[in-house]
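Let the sequences and hints guide you as you build the complete structure.
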Amino acid sequence: MDIYKKLEELKLEIPAPPPRGGIYQPVKQVGNLLYVSGQGPTVDGVPVITGKLGSERSLEEGQEAVRMCVMNALSSLEVYLGNLNKIKSVVKLLAFVASASGFNAQPQVVNGASQLLVDLWGEEQGMGARSAIGVNELPGNMSVEIELLVEI
Amino acid sequence: MDIYKKLEELKLEIPAPPPRGGIYQPVKQVGNLLYVSGQGPTVDGVPVITGKLGSERSLEEGQEAVRMCVMNALSSLEVYLGNLNKIKSVVKLLAFVASASGFNAQPQVVNGASQLLVDLWGEEQGMGARSAIGVNELPGNMSVEIELLVEI
Amino acid sequence: MDIYKKLEELKLEIPAPPPRGGIYQPVKQVGNLLYVSGQGPTVDGVPVITGKLGSERSLEEGQEAVRMCVMNALSSLEVYLGNLNKIKSVVKLLAFVASASGFNAQPQVVNGASQLLVDLWGEEQGMGARSAIGVNELPGNMSVEIELLVEI
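Residue numbers (our numbering), protein chains in the order written: chain A, 21 to 172; chain B, 21 to 172; chain C, 21 to 172.
Calculated directly from the structure, the hints in this document are not laboratory data. Here a beta-carbon is modelled for each residue, glycine too, at the ideal position from N, C-alpha and C. Just so you know, not all the hints are guaranteed correct.
For the chain C half of the interface with chain A, some residues (derived, Cβ under 7 angstroms), not all of them [claimed, not checked]:
1) 111
2) 123
3) 124
4) 126
5) 131
6) 145
7) 147
8) 148
9) 149
10) 150
11) 151
12) 152
13) 153
14) 154
15) 156
16) 171
Derived lysine-lysine pairs resembling DSBU-like cross-links, with alpha carbons at most 30 angstroms apart [said to hold, decoys possible]:
17) B/108 with C/108
18) C/106 with C/26
19) A/26 with A/108
20) B/106 with B/31
21) A/106 with A/31
22) A/26 with A/106
23) A/106 with C/108
24) A/108 with B/108
25) C/108 with A/108
26) A/31 with A/108
27) B/106 with B/25
28) C/31 with C/108
29) C/106 with C/31
30) B/106 with A/108
31) B/108 with B/31
32) A/108 with A/25
33) B/108 with C/106
What follows is the structure, given as structure tokens:
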């Protein structure tokens with residue numbers, strides 16, 4: 021399986037790597053694990069999907085936002101690895117959804133990210149463990165933030 | 021030590037494994053680590069302890085809720101491992117508590133989960149690292165959500 | 021590089037280890053990874069920087085709070101390891117910032133912690149992956165809580 025062919029089939033392009041939004045490494049390796057720093061729905065580091073689910077943003081916009089997080093994570097991983105085909109599997113996804121009071125469909129939002137990873141790597145390799153959490157505020161008023169752990 | 025004897029002594033029964041609430045694996049293994057997806061106080065996937073600590077739910081109800089999370093995690097681990105005696109130790113517990121404004125007793129709530137793990141595996145093996153965090157909203161209006169990392 | 025010389029240069033003293041605030045291990049080791057339990061801006065276990073960023077606390081107070089979290093983490097690590105020079109690198113930092121409605125400068129707050137780790141261990145070793153998240157409430161009304169993962 022060539023992940024770049026998959027991206028082409030899905031008509032997806034790896035975006036430019038997001039500039040650092042603070043003092044951290046985009047990707048940190050320990051053994052065969054790669055910890056990816058929290059990713060947002062940004063373009064060139066600027067949040068483009070902002071505001072809370074349940075009031076300012078629809079479920080569909082939330083799903084688009086988490087897909088952008090995944091694409092930014094892949095961009096950071098490509099810079100680090102040189103080639104995304106080195107990724108063996110998705111280990112874990114920790115997703116935070118900026119949630120208005122009474123919004124409880126965080127898993128449905130985060131499914132947008134999980135489905136994309138499964139579309140790219142298949143169920144066996146693309147589907148890791150996951151937690152979906154609601155929070156009141158995220159950096160830059162982003163609608164979602166995702167932390168990814170992958171295995172090479 | 022036989023974990024099933026311990027469960028019997030404590031009059032605890034492993035519940036039916038919670039059905040997936042999204043696109044993820046209940047348990048994902050890397051090396052000797054098992055990442056367990058976020059668990060809630062659910063029965064057959066339906067949240068049964070909902071609402072915020074500090075307004076809608078008491079500390080005791082919160083502690084019961086986190087115990088349910090642990091039992092659901094054990095159910096998922098049993099499906100994955102076949103036998104819970106394969107678990108060597110609890111590495112880490114990340115707990116999110118749906119908190120009304122001004123509620124700050126998250127650690128006391130989460131102690132319900134930690135005590136159960138210690139009752140089952142003892143201090144040496146059952147007590148891992150831990151963080152307890154308050155959040156404004158959780159999936160399905162659950163009162164708590166717990167993410168577990170164990171070592172086999 | 022001697023981390024204790026660095027601490028002296030920066031006029032920093034490792035505080036007394038924070039007493040446990042619940043049923044958990046301050047540090048849990050698996051292989052060469054050390055998971056450090058959630059740390060707050062406490063002295064002898066008592067929160068000293070409390071209240072939300074964006075209303076009750078300034079950015080500078082938040083940065084001081086996260087530095088205290090790091091120092092408490094180092095204290096727990098020193099108890100566990102005997103000598104902080106055994107730490108090879110900072111793998112990951114997960115930071116939660118108690119945030120008033122509309123506060124979105126979590127990364128700027130958390131930079132206080134990240135900068136301290138870089139001052140101590142340098143960019144190569146002291147800069148790990150990171151996520152900065154806003155939440156509505158934290159234990160004991162602490163302004164921040166930080167979870168650290170280090171490699172020995």
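Checked against the structure, which of the hints given earlier come out wrong?
As far as the earlier hints go, only 6 is violated by this structure.
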